[in-house]
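> Sequence:
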Amino acid sequence: MLNKENTAGVCYEQIPAADENLSNANSTGAFVPHDREQQPPGQYGGRASTIEQALAVIVEPGAVVEMRVPKAGRYKTVSGYYTDLAKLAADAAKWSGEADGVYISLNPVNQALFARAANRCVAYAERTTQDEHITSRRWLFIDCDAKRPAGISATDDEHAAALQRAEEVRAFLRELGFPEPVYADSGNGGHLLYRVDLPNTAEVTALLKQCLAALRFRFDDTAIEIDSSTYNASRMIKLYGTLAAKGDDIPERPHRYTRLMNVPERLEVTSLELLQHLAATV
Numbered sequence: 206m207l208n209k210e211n212t213a214g215v216c217y218e219q220i221p222a223a224d225e226n227l228s229n230a231n232s233t234g235a236f237v238p239h240d241r242e243q244q245p246p247g248q249y250g251g252r253a254s255t256i257e258q259a260l261a262v263i264v265e266p267g268a269v270v271e272m273r274v275p276k277a278g279r280y281k282t283v284s285g286y287y288t289d290l291a292k293l294a295a296d297a298a299k300w301s302g303e304a305d306g307v308y309i310s311l312n313p314v315n316q317a318l319f320a321r322a323a324n325r326c327v328a329y330a331e332r333t334t335q336d337e338h339i340t341s342r343r344w345l346f347i348d349c350d351a352k353r354p355a356g357i358s359a360t361d362d363e364h365a366a367a368l369q370r371a372e373e374v375r376a377f378l379r380e381l382g383f384p385e386p387v388y389a390d391s392g393n394g395g396h397l398l399y400r401v402d403l404p405n406t407a408e409v410t411a412l413l414k415q416c417l418a419a420l421r422f423r424f425d426d427t428a429i430e431i432d433s434s435t436y437n438a439s440r441m442i443k444l445y446g447t448l449a450a451k452g453d454d455i456p457e458r459p460h461r462y463t464r465l466m467n468v469p470e471r472l473e474v475t476s477l478e479l480l481q482h483l484a485a486t487v
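Following the numbering used here, the numbering of the sequence shown begins with 206 at its first residue and continues without gaps.
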């Protein structure tokens, strides 16, 4: 029999009766991977308190945010929409380590999408956030990563080099007059997130794309690259505090936790003029 109880209202999907083994509502009604069900809270691969602290930095108060776990094995894509960051953090902690990564939408999502899965996540998700669902642009996201084959984690040396490149990008932008960003460790490289306050328009998308192209032109080399594809409005980023788990966890290429490295006491908004100046440096 399928367990259709959902007392908590989080992270639960009614799985077709053709495969009863996929239905796994725990004692709270939360949908969790089978091999994690018996583990006590906080041992799922990420600490919910740490994840919630990161969410408070990234997510606009009151905004709807999507959590997504792509390639989640037999569950395909797991997705949910949240306004309750504590519930999001708890669900993310349970999925941490179950797939390559746990991701969230970087920019605020249309409030209507909350009705797809309200403060819970579902398996086999067919509809996820698209660019047209984003209500505004909140971040310029810069991702510094080691060049390596797809589907594997970085070596310690590659990881360190990518973090160093992020520091160099931050220093360059500081010289241009940019405010201090959120600086984070993606588990394999470095993230810089600069606060912006812009509409979600084709013109803004083109501007952010050009900013990334300018940084890639200046900082790419044979070892480290600046991902120039992160300009799209519906960009998903790894949720800090969860495990980056590409490939097998081997000594040479270990899995690592994503984490916030530095958050300014006051996050200043990057002006449109500074973004235009950066874009013009190509």
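Simulated from the structure, these hints should not be mistaken for lab results.
Check each hint, because a few of them may be wrong.
[As the list claims (entries may be wrong)] In silico BS3-like links for lysine-lysine, alpha-carbon gap of 25 angstroms or less:
1. Lys414 <-> Lys281
2. Lys352 <-> Lys276
3. Lys451 <-> Lys352
4. Lys414 <-> Lys352
5. Lys451 <-> Lys281
Since we're looking at a predicted model, the values are computed, not measured.
> Go through the numbered hints given earlier and state which of them the structure violates, listing their numbers in rising order.
Going through the list in order, the structure violates hint 1 alone and respects the others.
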